[in-house]
Amino acid sequence: MSSQVVIQFMPRDIAQLLKPLESGLIVSCQAPADSPLNHPTIIAAIAESVVAQNAVAVRIDTPERVTAVRQRISAPILGLWKQKIPGYEVYITPRFEQAQALAEAGADFIAIDATLRDRPEPIEILIQRIHQELGKLVVADIDSLESAIAAIQAGADMIATTMYGFTPATEGCSPPAFDLLAEILEKSNVPVICEGKVNSPELARQAIDLGAYAVVVGTAITGIEAHVQAFDAALRKKIPALLIERNDTYHFALFTQEHPSYRNYVRSKLRQYNPETTSANGYFDQSALRGLPIEIFLLDDRDKVKAGLVSLTRWNWLLIEALWVEESIRRQGFASQLMHLAEQEARRRGCTEALLDTFSFQAKEFYEKLGYEMFAQVDDYPSGYSFFQLKKEL
1 MSSQVVIQFM PRDIAQLLKP LESGLIVSCQ APADSPLNHP TIIAAIAESV VAQNAVAVRI
61 DTPERVTAVR QRISAPILGL WKQKIPGYEV YITPRFEQAQ ALAEAGADFI AIDATLRDRP
121 EPIEILIQRI HQELGKLVVA DIDSLESAIA AIQAGADMIA TTMYGFTPAT EGCSPPAFDL
181 LAEILEKSNV PVICEGKVNS PELARQAIDL GAYAVVVGTA ITGIEAHVQA FDAALRKKIP
241 ALLIERNDTY HFALFTQEHP SYRNYVRSKL RQYNPETTSA NGYFDQSALR GLPIEIFLLD
301 DRDKVKAGLV SLTRWNWLLI EALWVEESIR RQGFASQLMH LAEQEARRRG CTEALLDTFS
361 FQAKEFYEKL GYEMFAQVDD YPSGYSFFQL KKEL
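Numbering (UniProt numbering), first residue to last: 1 to 394.
Honestly, the hints are just simulated from the structure, not real lab data.
Where hints are given, some of them may not hold.
Unchecked claim - Each computed BS3-like pair below joins lysine-lysine, with the alpha-carbon atoms no more than 30 Å apart:
1. 187 - 306
2. 392 - 364
3. 238 - 19
4. 369 - 391
5. 306 - 19
6. 197 - 187
7. 197 - 364
8. 369 - 306
9. 304 - 19
10. 306 - 392
11. 19 - 82
12. 269 - 306
13. 237 - 269
14. 197 - 238
15. 197 - 84
16. 369 - 392
From just these sequences and the hints, can you work out the full model?
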């Protein structure tokens, strides 16, 4: 390693350094070790292409690839170096020497494994040296609230949910780590990056709405091999059926798992049948069936959802799908206000009726106080509970 001039890390500069990432998309430009794409020039080309489409930064593995990418883009680089060290489980930039090599290659941020597993160097010392000797910000890849708090106490500048679901401590957890994101934001104001299985634009938007400072997306954008494998598997897979009965022409086939192709075909035929056989002109058009949403949320000063009502209007009906209020603010009238606002908007749209359903352990009495009347009851649905449908004239 070449000698480095010691740079005093200045906390007051953090906000300015992080600003380019705010509410943005960070693309992890990596490829499997045995992939033809796993070459510095190709990774650099991928990085250049995603930045050209407004990615605010890229996440790059190894100094060699960071160097290649730095020559092609000026956008921030989150550098990491996966290094397995015998006797230790952490492998994302486990030592200062890897961080130093990434900084020399041109990384703006250094990502480290900050899970609570055995490591070759104390995390406090590693972060301190990255700050003081390299002048770089540290992104702590964590897997739990406990590891996030420990990383923050050790001086990490940003938290990333990268390792959630990928460590023994989080085995069985399924990313995206939206619940973990919310828990961290409750405990700290350190910016949190949501990373891990954010595999659609909708999930990325959801992460930002839940308070993520930025979102990292990898395979969903750059995983060419993974996408080809998924298409290939879908084309090769034939869903097994249980043969029920056969005659000379037809046979019944029972499926114990979803069969999207057949299911969608049947639904499309029903959608085609409905408008052809009813005099209710336009009622069964797809736009009419989808309805128009009425979604009302109670937000705090950080735009965190504290209560919400999800509903839609279809034809002359208000259909209430979900009503929820955080336990800490219940019995303060927020649920009634949400219902009132939804009904008010439904009336404005010309609705004359409202419809909802609830279970015996939920809020039947609450809805009845608001003027809803039960018209259907199903007992033992599920066993030991009752299911109710209620309606109200608007």
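- Hint consistency between residue 187 and residue 306 [alpha-carbon to alpha-carbon, up to 30 Å]: Holds - the C-alpha atoms of residue 306 and residue 187 are around 16 Å apart, at most 30 Å.
- Would you mind confirming whether the straight-line C-alpha gap from residue 237 to residue 269 stays at or under 30 Å? 25 Å, holds
- Query: When you check the alpha-carbon spacing of residue 238 and residue 19, does it fall within 30 Å?
  - Reply: 49 Å, violated
- Are residue 197 and residue 364 close enough, with their CA atoms no more than 30 Å apart? Cα-Cα ~38 Å, so violated.
- For the pair supplied as a hint, residue 197 and residue 238, confirm whether the alpha-carbon distance does not exceed 30 Å. Within the cut-off at roughly 26 Å; holds.
- Is it true that the CA of residue 269 sits at most 30 Å from the CA of residue 306? 41 Å, violated
- Query: Are the Cα positions of residue 369 and residue 391 separated by 30 Å at most?
  - Reply: With Cα atoms ~12 Å apart, residue 369 and residue 391 stay inside 30 Å; holds.
- Is the straight-line distance between the alpha-carbon of residue 304 and that of residue 19 30 Å or less? 21 Å, holds
- Message: With the threshold set at 30 Å, check whether the alpha-carbon distance from residue 392 to residue 364 stays at or below it.
- Response: 13 Å, holds
- 30 Å limit on alpha-carbon distance, applied to hinted pair residue 306 and residue 392: The hint holds at about 26 Å.
- Item | Agreement of residue 369 and residue 306 with the hint, judged by alpha carbon distance not exceeding 30 Å | 23 Å, holds
- Query: residue 197 and residue 187: Cα distance at most 30 Å?
  - Reply: 24 Å, holds
When the structure is compared with the earlier hints, violations turn up for hints 3, 7 and 12 and for no others.
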